[in-house]
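*Asks:* Chains as they are written, first to last, in our numbering: chain A, 1 to 353; chain B, 1 to 285; chain C, 1 to 358.
If you're looking for bench data, these hints aren't it; they were derived computationally from the structure. From the three backbone atoms N, C-alpha and C, an ideal C-beta is built for every residue, glycine too. Do not take every clue at face value.
Unchecked claim - Straight-line C-alpha distance at most 27 Å; calculated DSS-like pairs for lysine-lysine:
1. A/K63 x A/K205
2. C/K178 x B/K192
3. A/K239 x A/K114
4. A/K205 x B/K232
5. B/K232 x A/K239
6. A/K146 x B/K232
7. A/K139 x B/K92
8. B/K92 x B/K192
9. B/K192 x C/K102
10. C/K66 x B/K277
11. B/K192 x A/K140
12. A/K31 x B/K232
13. B/K92 x A/K154
14. A/K200 x B/K232
15. A/K139 x B/K232
16. B/K192 x C/K168
17. B/K274 x C/K114
18. B/K232 x A/K154
19. A/K140 x B/K277
20. A/K146 x A/K310
21. A/K165 x B/K232
22. B/K96 x A/K205
23. C/K108 x B/K143
24. A/K348 x B/K274
25. C/K275 x B/K143
26. B/K274 x C/K130
Claimed, not checked - Computed beta-carbon distance windows for the label pairs:
27. A/A192 x B/I46: 44 to 50 Å
28. A/I325 x B/L33: 28 to 34 Å
29. B/V82 x C/E171: 51 to 57 Å
30. B/D179 x C/N22: 58 to 64 Å
31. A/R318 x B/L140: 39 to 45 Å
32. B/V93 x C/K102: 22 to 28 Å
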Amino acid sequence: MKRILVLAVMLTLSLSSSAFSQETLKILTWKGYAPQQLVDKFEKETGIKVELTLSNNEEMIAKLRATRGAGFDLAQPSQDRISSVQEKYQIYQAMDYSKINADQLIGSMLDAVKKNTAVGGDSFGVPFCYGTSGLIVNKKLAAEAKDYSDLLNKAYEGRISYRLKRPTLIGLAFAMGDDPFAKYNDAAAYEALMNSVAEKMVAAKPLVKNYWSNGDALLEMVRSGEVAVAMGWDNGGWKLNAENPDIDFVAPASGALGWIDTFAIPAKAKNVEAAYKWINFILAPENAAIFTNLEKYGTASKGADKFLDKEIADNFKRSFSEADIDNIKWYPPVPANLEQIEGKILDKVKAAQ
Amino acid sequence: MKFKLSSGLFIFLTPVLLWLFLLIVIPQIELLLMSLRGENNLGEPIWTFANYLHFFTEEIYWYTFVRTATYAIIVTVLTFIVTFPVAFYITKVVSKRLSVFLTILLLVPFWVSELVRVYGWMILLRESGVLNHIMLSLGLIDKPVEMLYNDISMIMGLVYTSMLFMVVPLISSLEGMDDSLIEAAHDLGASKWTIFTRIVIPYAAPGITSGSIVVFMLALGNYLTPNLMGGKNSLWFTEQIYNQFIASFNWNQGAAFGFLLLLLSSLIIWVGLKMSKQQLGRVLS
Amino acid sequence: MPVVLDIVDLTKRFADFVAVDNVCFQAEEGKFFSILGPSGCGKTTLLRMIAGFLEPTSGSLQIRGKDMLGIPPNRRPVNLVFQNLALFPMMNVADNIGFGLKRQRCPKKEIASKTEAMLERVHLSGYGSKDISQLSGGQKQRVAIARALVLEPSILLLDEPLGALDLKLREQMKIELKNLQREVGTTFIYITHDQSEALVMSDTVAVMNAGRFEQIDTPRNLYSRPASSFVAGFVGETNIFAASVEDISPTLRLRAENGVLFKATAMQEMAGAKKGRLFIRPEAIILEPDSGLDNLNRFEVTVRTILFDGSNTKILAMLGDREITVALPQNQQFAHITPGETVSAGVHIDACKCYPGE
Ligand SMILES: Nc1ncnc2c1ncn2[C@@H]1O[C@H](COP(=O)(O)OP(=O)(O)OP(=O)(O)O)[C@@H](O)[C@H]1O
Ligand SMILES: [Mg+2]
């Protein structure tokens with residue numbers, strides 16, 4: 001089946017590529033990670049046509065797993081979701097760092113990603129952008145919301161929203177005073193911890209308005225005042241802040257969850273050269289700044305600062321004190337099979353009445 | 001002569017059979033094989049029934065299935081109750097011209113995708129939505145109420161998305177019914193209710209059955225509507241399959257769930273057909 | 001005989017169109033009453049008013065002395081056999097017949113025995129468990145009649161029930177239906193556009209045209225003394241001539257369109273009429289008539305074709321430039337006649353019926 005599927009895909013690919021003999025670059029990425037403005041610029045500079053497929057971590061992995069790493073030239077998983085997946089399914093190819101313009105990258109970030117995405121002797125990721133998950137709060141409706149535990153706070157009944165995904169479990173675990181990352185490699189302890197988190201989530205389920213799954217839909221609910229406290233990405237909070245100063249991103253007291261999204265090249269990428277071209281292009285300071293100014297995510301590009309709007313730095317200062325920055329919990333690589341434990345627990349939460 | 005004919009038929013049918021085989025049989029076999037794979041304690045792949053056992057031993061999984069199936073049945077019944085008068089009105093009450101017009105009107109909303117329709121409902125029903133706005137300004141309520149994210153809105157959404165698939169077979173079977181059957185029954189002393197239960201329903205039975213099967217399967221297999229409109233309480237079995245494949249990376253478990261969905265839903269349909277004394281052959285013809 | 005159905009001035013209008021126009025008639029208990037008329041004349045409309053499916057625009061309708069207006073079809077003591085039969089395809093023969101009894105909450109046993117008796121009556125014993133789709137056209141016909149008759153209605157209404165059958169079967173069913181009616185003694189109101197059905201089966205026939213009743217009479221009288229030009233033309237085969245009036249007294253004399261001069265009998269008042277229509281039945285024309293016969297219009301005809309049909313053999317012959325039909329007597333007397341021959345012919349004045357009009 002897979003072989004037939006691959007054959008079918010290849011057939012359509014070869015047909016479409018013979019029909020349009022133009023060179024293409026297929027990127028599997030997140031919404032907002034390839035602004036139209038930059039796509040146009042890249043196409044003009046290189047003559048390579050960019051095709052985007054929008055996705056998220058889980059679906060990215062599932063897609064590449066189904067094709068064993070074919071169908072795309074470039075993917076953008078989070079750094080913590082690469083090594084165990086690579087070990088098990090071999091869906092990426094080793095990154096050739098000699099082709100990356102390391103001068104335009106923040107050195108420490110590149111090193112961290114290299115380390116976290118290492119499998120065998122090779123590494124698989126190049127950092128693209130970073131951000132944190134924390135709280136998006138409407139201060140007018142929930143002035144006191146400070147930590148993940150406020151997602152379970154009766155005071156905000158019917159005004160709470162979060163995703164039924166692993167970051168919520170992890171954030172709540174931190175808010176309980178525990179350290180889930182320290183238990184990553186002890187499946188039994190991790191499961192026990194997550195079960196106790198789930199218990200609290202089930203108990204507080206009546207308080208939740210909705211489990212969000214679409215970022216834009218969440219922002220819309222916060223914007224309209226339907227939701228006062230939500231767990232979400234910092235950039236979303238900052239985007240809303242620009243419209244309504246009452247709404248802002250709040251770094252939770254027990255620590256925002258820090259993530260870095262990367263570039264990784266699928267094992268059967270057809271246009272590897274173009275992939276490297278895109279990485280170097282979009283991380284060039286002036287391009288990276290365009291991206292950050294638009295989407296408010298932090299960039300891994302070193303020289304981008306001087307092109308950034310003042311608002312970007314302000315956002316960060318407003319939400320993060322020195323202590324908050326030190327307290328950011330950066331995701332370590334996820335060991336294999338943790339997702340199954342989390343999956344079952346999340347199903348239970350959803351099924352609870 | 002006979003041999004020639006059958007070989008000719010065979011040649012004619014080959015591409016069709018091949019197509020069916022590639023598209024239906026092979027993926028099912030693939031799914032079946034995948035569902036029977038697992039890992040032992042050392043992480044080595046083995047053959048196992050564990051994925052199936054899991055469904056029955058983990059309360060949450062079969063609970064979700066039972067819940068999903070029950071709601072799918074409710075949706076089917078409600079869809080029938082809602083669409084039957086519509087189909088009857090269109091085919092038996094209004095003039096031919098108006099009936100064509102009404103049928104088209106009925107189909108129009110289905111020219112846009114399910115996603116758009118569901119979002120339409122959400123805009124209407126949400127706390128800051130149109131309906132709340134109207135009720136507030138009319139003074140019917142003094143603070144907005146959340147009408148989304150519960151089982152009722154989910155069922156409503158599912159009924160709405162399924163209506164087309166019930167109303168079309170109903171219209172086509174009722175259209176074939178001669179009005180004089182109704183008059184004859186009336187003439188022989190039947191009340192309106194008797195005419196409905198003894199004449200109209202039995203006449204439309206094949207349409208009702210095929211519509212019900214389609215609606216039941218679609219409701220059972222729906223992912224979007226339960227998720228978007230049902231919100232936090234709407235655990236649907238398809239979501240569990242999705243979660244197994246996508247979130248938990250457990251394709252073997254997901255495949256087993258997929259196969260169980262296929263088997264159990266076929267079983268439910270079989271029981272339904274037996275209970276209503278319908279034959280699949282007659283329904284499909 | 002008591003009157004079972006009494007209709008007075010019944011009218012039905014659809015918007016501007018008058019489908020049934022001031023119809024009056026009475027049907028007697030146990031009689032076979034036919035309504036005969038061309039397609040679209042309003043027969044079904046009239047019948048549906050009797051059955052209760054249509055409300056009359058005006059007029060009164062009584063069954064056994066009870067006013068029926070406003071009473072729905074399921075509570076009228078009449079049953080209808082539909083033009084297309086309308087058997088219930090989802091039920092077998094016995095359930096079709098038992099349907100009405102079941103609605104009357106008849107006990108199961110009684111339903112079964114009545115159904116069986118009815119099946120026997122229509123010669124379908126043992127067919128109870130068959131599906132409707134397994135029956136032939138004639139059998140369906142009988143089931144439809146049985147289904148209505150089993151309820152023992154005061155009146156059985158039949159809307160062209162033989163229309164869908166082939167000729168041979170229709171001939172057979174005509175006789176069967178007549179016998180059945182005599183046996184059960186129910187009043188039949190039978191609609192048809194086929195005059196032979198009406199004449200063969202009925203005790204009384206009403207001829208309907210454009211929503212009105214032209215004549216209500218026995219079949220014999222309709223045939224021999226049609227009350228109007230329409231009835232004369234519609235009932236039975238006939239030769240029709242447009243004619244102009246030459247003279248009214250002492251005898252009516254007409255010049256037919258082919259120039260032949262006829263002495264005729266006025267069926268309606270002809271005074272003042274310039275034009276008339278002349279009707280001559282094929283069997284009234286005598287070939288090679290005796291020279292001694294009185295009151296005969298005499299002329300010569302040229303044989304064109306012989307339509308051999310056993311006892312019903314006819315010839316087509318030319319009278320001037322008009323073709324006429326002549327029935328041959330059954331005694332083979334004219335077996336020698338061949339096409340092209342010219343023979344003398346005659347017709348009695350009484351058989352030349354004239355009505356005023358174009
Ligand atoms: N519902 C209606 N609205 C308007 N006109 C109608 C309606 N029903 C019947 N008519 C008209 O009334 C006239 C009589 O119709 P009816 O069905 O009674 O004829 P019929 O004598 O039974 O003819 P046939 O022998 O063809 O069955 C027709 O011209 C028909 O078009
Ligand atoms: Mg009719």
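*Asks:* Are any of the numbered hints broken by this structure? If so, which, sorted upward?
*Replies:* Per hint list: 1, 2, 3, 7, 10, 11, 13, 16, 17, 19, 22, 23, 24, 25, 27, 28, 30 violated.
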